[in-house]
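Student: What follows is the residue order along each chain.
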Amino acid sequence: MVNVQPRQDAYVSGSGTISAGKYDDVRISGSGRILGDIQCTKVKVSGSAKFNGKIESEFMNCSGSAKCLSDVEIQKLNVSGSLSIDGKVTGGDVHISGSFKTKNDLNVDSVNVSGSMRTIGMVKAEVISVKGSLSAEKGAECEVFTAKGHISMNGLLNAENVKITHSGLSYGYSYVPEIGGETIEISRFDDSNIFSRVFTRVFNLGTNFRSNVIEGSAVKIDYTSSSVVRGDAVTIGPKCKIDLVEYTDDVQIHPSANVKEVKKIEQ
Amino acid sequence: MSEELISKKDLLQLTGISYGQLYRWKRKNIIPEDWFMKKSSFTGQETFFPKGKILERIEKIMELKDDQSLDDIARVFSISKENIAEFQNVTLSLDEIPKQVLQIYQSLLPNSKLEQLNTVQLCSLLFVNDWLLKGSVTIEEVKQFLLLVETHKTQIKLEDTVVIYIRKFGVGTWIIGKQNETFVDQKDAILIHVKLVNYLNSFTS
Numbered sequence: 082m083v084n085v086q087p088r089q090d091a092y093v094s095g096s097g098t099i100s101a102g103k104y105d106d107v108r109i110s111g112s113g114r115i116l117g118d119i120q121c122t123k124v125k126v127s128g129s130a131k132f133n134g135k136i137e138s139e140f141m142n143c144s145g146s147a148k149c150l151s152d153v154e155i156q157k158l159n160v161s162g163s164l165s166i167d168g169k170v171t172g173g174d175v176h177i178s179g180s181f182k183t184k185n186d187l188n189v190d191s192v193n194v195s196g197s198m199r200t201i202g203m204v205k206a207e208v209i210s211v212k213g214s215l216s217a218e219k220g221a222e223c224e225v226f227t228a229k230g231h232i233s234m235n236g237l238l239n240a241e242n243v244k245i246t247h248s249g250l251s252y253g254y255s256y257v258p259e260i261g262g263e264t265i266e267i268s269r270f271d272d273s274n275i276f277s278r279v280f281t282r283v284f285n286l287g288t289n290f291r292s293n294v295i296e297g298s299a300v301k302i303d304y305t306s307s308s309v310v311r312g313d314a315v316t317i318g319p320k321c322k323i324d325l326v327e328y329t330d331d332v333q334i335h336p337s338a339n340v341k342e343v344k345k346i347e348q
Numbered sequence: 027m028s029e030e031l032i033s034k035k036d037l038l039q040l041t042g043i044s045y046g047q048l049y050r051w052k053r054k055n056i057i058p059e060d061w062f063m064k065k066s067s068f069t070g071q072e073t074f075f076p077k078g079k080i081l082e083r084i085e086k087i088m089e090l091k092d093d094q095s096l097d098d099i100a101r102v103f104s105i106s107k108e109n110i111a112e113f114q115n116v117t118l119s120l121d122e123i124p125k126q127v128l129q130i131y132q133s134l135l136p137n138s139k140l141e142q143l144n145t146v147q148l149c150s151l152l153f154v155n156d157w158l159l160k161g162s163v164t165i166e167e168v169k170q171f172l173l174l175v176e177t178h179k180t181q182i183k184l185e186d187t188v189v190i191y192i193r194k195f196g197v198g199t200w201i202i203g204k205q206n207e208t209f210v211d212q213k214d215a216i217l218i219h220v221k222l223v224n225y226l227n228s229f230t231s
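Residue numbers (the numbering used here), protein chains in the order written: chain U, 82 to 348; chain B, 27 to 231.
Keep in mind that the hints were calculated from the coordinates and are not lab data. Virtual Cβ for every residue (Gly too), placed ideally from N, Cα, C. Mixed in with the good hints, there may be bad ones.
[Said to hold, decoys possible] Below, in silico cross-link-like pairs of lysine-lysine (DSS-like), each with a Cα-Cα straight-line distance of 27 angstroms or less: (1) LYS65(B) to LYS341(U); (2) LYS139(B) to LYS103(U); (3) LYS183(B) to LYS219(U); (4) LYS52(B) to LYS169(U); (5) LYS65(B) to LYS344(U); (6) LYS35(B) to LYS344(U); (7) LYS229(U) to LYS54(B); (8) LYS64(B) to LYS219(U); (9) LYS205(U) to LYS86(B); (10) LYS86(B) to LYS35(B); (11) LYS35(B) to LYS169(U).
[Unchecked claim] So these bits of chain U aren't anywhere near chain B, every CB distance computed over 12 angstroms: (12) GLY111; (13) SER151; (14) SER178; (15) GLY213; (16) ASN242; (17) ILE334.
If we strip away everything but chain B, and leave its shape as in the complex, we get (with noise of 0.2 angstroms):
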């Protein structure tokens, strides 16, 4: 709790920025709101911001800002902090999806933003890649997966979840459930089985 503070003022002054550049950020959501806390000083109310965090932040920016727009920035951030708050080791952007899923994507649901997808489904893109390389799966049962994922895409968290296909008697069926209290039975054809992190982490090891 601890945390070193620093006011805005000597945020600006330390950095250099301006007021402009500051509050267009925030605007933008590059600079979280929960880091603008406001406290009573001796000239009325001052905003003040975790130090340590808002310092880096700033650094990167400033870094950024010269060869990409604020917008690829935000997304560079909110995802990256989506994933930092679950996995320390898993970082997530849009460039790391190769380009075939993102077209079996927007053939299936066309009027779908691809700046709005969130780690989950991002995750069930590397996922659907790696089946279809290896041939697990077949295109139409890809797309019956993100469908289900797009679905529940709120509910599923990337935690405990696993994803299991099963094919009996020549038909498929996906199933998305939570680890350890998902059961199936053996006898059917088990085509994947695989937890939402462990999959993941082999990705990016």
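If we strip away everything but chain U, and leave its shape as in the complex, we get (with noise of 0.2 angstroms):
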């Protein structure tokens, strides 16, 4: 089970392939092939690269434009170009700033994204921090969520802690059709360009997040629309637009917000 030899580095800097095998570093900056799976400490593109197998490495790291076709399992990931891959992630940081799609499940241990992520599967991590935009199909599950700007899931998201910050205008509506968890938070980004604020106001862009259910112990929404919340306290803040809100403890509902129905559960 040892092994003995030295392993090597593979470097293409004009274009060439790579085979399958076990490598030190693979750096390819220009354009690449890698014909199987590598098992290897770094990986690094600058240029353009297709993966046909499966990555096991310490690092990747893919500022130039990058494809897997097959599973990928990565201490450290920093997306800086695009990144697509096809298979399974499994890791632990992951760091995107560029662009990054995926057409399977993530389960790392952290997500950061501050450019635009998309993913088919869903999206399993300890943290998920979002600047940008976030897609996951599938929904996603993690013990802090944090996003500033534009969240679009088809699933559940279930975080322990959930804050989210949504600025609709630039990036249009952000919807999540469930949210669970034991404290969420949902804010409007206070826009400090005047031109926007007047866009907003011209267009009547009140609302911009939309949800069917939100479920947590402790709820706090602004300008959000949605079917259904329930918590044990709850505050529906200004421009929300719910159909039914239940509580066991307090709620809260500020005057401009629209409410059709509010329902006190008894333990």
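Make one complex out of these two single chains by using the hints.
Tutor: This is the structure in structure tokens:
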């Protein structure tokens, strides 16, 4: 089981192919194709690369453009260019400042997006923080979810703490059908830009976060429309449109919110 | 099919747990995903649970959660759940595996995580301990067996698997095959020939 042979580096700086195997560093600065599964300590793509097999590596840095057709197992993934992965992604920290697309589930320690990330699967992590755009077709599960920007999901967002600051104008509507957790806070990004403030007024973009069900122990929402909000302590902020609010301990509703029905549930 | 259902709202009212707790348990997989059943109701969609199962599970969690971490509880449920599906009478947990065998396993595969062992692997570790105590095989031979199990861990099924160890001219070989479909030359020295299930039951009974 012990690998006695020292591993070797593989560099492509013009155009070339790398075959499957174990390497130390894999660097592609021109255009490269990796023919099979690779195991290595570092992958660096600054040109264009296509991985036909699995990638198992400690670090991966993609500042060019890369595509991987299979699973990726990684301790630290950094994307500042564009990366698309067809298989599952497992591992440690994922940091996106470019564009990242996956066709399968993501199961990692932390996800940090300051660019754009799109996945058809679901995202599972300890911490997810978004400062750009995140779209997850099957939802997300984490302990701490913080987002400032655009969120779009088609499944459940399940997190201990959810904090979403949405600014609908520049990205379009954010939509998460179901949110569940301990504390949920949804607020609107206060735009200091006078132009976009006027724009918001003129087109009456009052609510720009949409959901169907929001359930948490402590819920506080602003500028949000949802059919049902349930919780122990619920605070409905300005310009919300809610069909039904159910609470057990405490409820506060802002005068400018539009709430059709409020019910107190007796324990 | 006509299982009694309970809505999420009624469940929380009945058990006194909060939404935060329920979602936390779901995240940790202590409550299986497929117990969350979406049904349309007059307020749009509502979530329902199989009443008997969920009440029993929550009672158990409440019992355990004071002195165990959620991750430990999750492990208890994930291992016992797998077993209940296949054998009613067998439950295995990591605590039942003797330390010396775990040490052999870890020295062999230092990168593996013990929490991620599946039932087949847990079984194989129990067997290994037994064989080593009986002295029928050596540690080196056991390592070969563990490696074989490791490589095929997802393919091996508990129900119909036999484990055979033969030694011929001093050279030993492990065979893991399907019960009733694996044949060995009787002239060879067969040191071990066991059905995984029978053997497992003999441990627990």
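Student: When the structure is checked against the list of hints, which entries are broken? Sort them ascending.
Tutor: 3, 11, 16
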